[in-house]
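*Asks:* Position chain S relative to chain X; hints supplied.
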Amino acid sequence: KNQVEQSPQSLIILEGKNCTLQCNYTVSPFSNLRWYKQDTGRGPVSLTIMTFSENTKSNGRYTATLDADTKQSSLHITASQLSDSASYICVVSASDYKLSFGAGTTVTVRA
Amino acid sequence: EAGVAQSPRYKIIEKRQSVAFWCNPISGHATLYWYQQILGQGPKLLIQFQNNGVVDDSQLPKDRFSAERLKGVDSTLKIQPAKLEDSAVYLCASSQKAGGLLSRIVDNEQFFGPGTRLTVL
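Protein sequences appear in the order of chains X and S. So the first sequence is numbered by the working numbering: it starts at 6 and just counts up by one. So the second sequence is numbered by the working numbering: it starts at 947 and just counts up by one.
Hints are supplied without guarantee of correctness; some may be wrong.
What the hints assert, rightly or not - Within a straight-line C-alpha distance of at most 25 Å, the following computed DMTMM-like cross-link-like pairs (lysine to aspartate or glutamate) qualify:
1. X:62 - X:89
2. S:1043 - X:59
3. X:6 - X:20
4. X:76 - S:1055
Please keep in mind that the hints were generated in silico from the structure rather than gathered at the bench. Just so you know, these numbers come straight off a predicted model, no measurement behind them.
Only chain S is shown next, with the shape it has when bound in the complex:
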């Protein structure tokens, strides 16, 4: 089966500019995640969608970051305006489900895309 698709793979912008990333999850996966991975660190969850609804956006810097998954399939993550500290790899992941009493662990396995490497100059 096709994996999680992300584009672009690389992006270089100047601070205060805007940028958008796109993610297409594995077909049929209800849950979609956006992570920020700064060099030398593990991924940090920015936002989690269940279908087209937001489940968790507690670590999303909402003054500059926004994300949407309007039709419950693909998603976009936007940064406006970008800061130097936003330089990172932005990973998108998807899973069949996300929790719930009847969920099996295998249903919650997250499959990651290749990521978008953002450099803010």
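Chain X with its partners taken away, still in its complex shape:
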């Protein structure tokens, strides 16, 4: 069964600090992995997408990594801002384009 596990479930960080979110998956055959940001009361918005051959992708202060051998990905947030407070969802696409969603990590940035 295709599964996506995210950790931690939630975290609290001070403004300006960095944090890293983890995603482990068992989706096979693998097509691509996306990280989505979901603000409270809004739909998810794509931050990054990586295919099998990519091991890092940046979008501003967000940097995603992918290790296709160990089936792990991480999302690193640099110099966090209050607006980074949101849920971050790891979504893995199989080659049939079916998506498997993680439960998300809730990030709270405090001043």
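*Replies:* Below, chain S alone, put in the same frame as chain X:
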């Protein structure tokens, strides 16, 4: 370009009542998805349409849930009768395409609407 539109944004009903949600995808997007997102969980696909045809409804509780996309554009999702466990956010998403040998990954990116938060009392 305009994003995916959903209405209403919030709905509160009592169990055993009926409710309907509406979604208008991004113009030109052939594929439309309805997801159920229970608090603290990731979205779960309920149904996927390709134009006006159903591609995947394997996780749709068909005894109480129904969805249609008659003209291949906007879509409605209905729950009748609602149960307490239906309380969730219902997300609609759309993409240009959905799979196929010649599809590019960018064509399959799903764009999400703001969702409808349903509370069943």
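*Asks:* Evaluate each hint against the coordinates.
*Replies:* Comparing the hints with the structure gives:
A hinted pair counts as satisfied when its Cα atoms are at most 25 Å apart, and residue 62 of chain X with residue 89 of chain X qualifies at roughly 18 Å. A hinted pair counts as satisfied when its Cα atoms are at most 25 Å apart, and residue 1043 of chain S with residue 59 of chain X qualifies at roughly 23 Å. Between residue 6 of chain X and residue 20 of chain X the CA atoms are separated by roughly 38 Å; this puts the pair beyond 25 Å, and the hint is violated. With a CA separation close to 21 Å, the supplied pair residue 76 of chain X and residue 1055 of chain S stays within the 25 Å bound.
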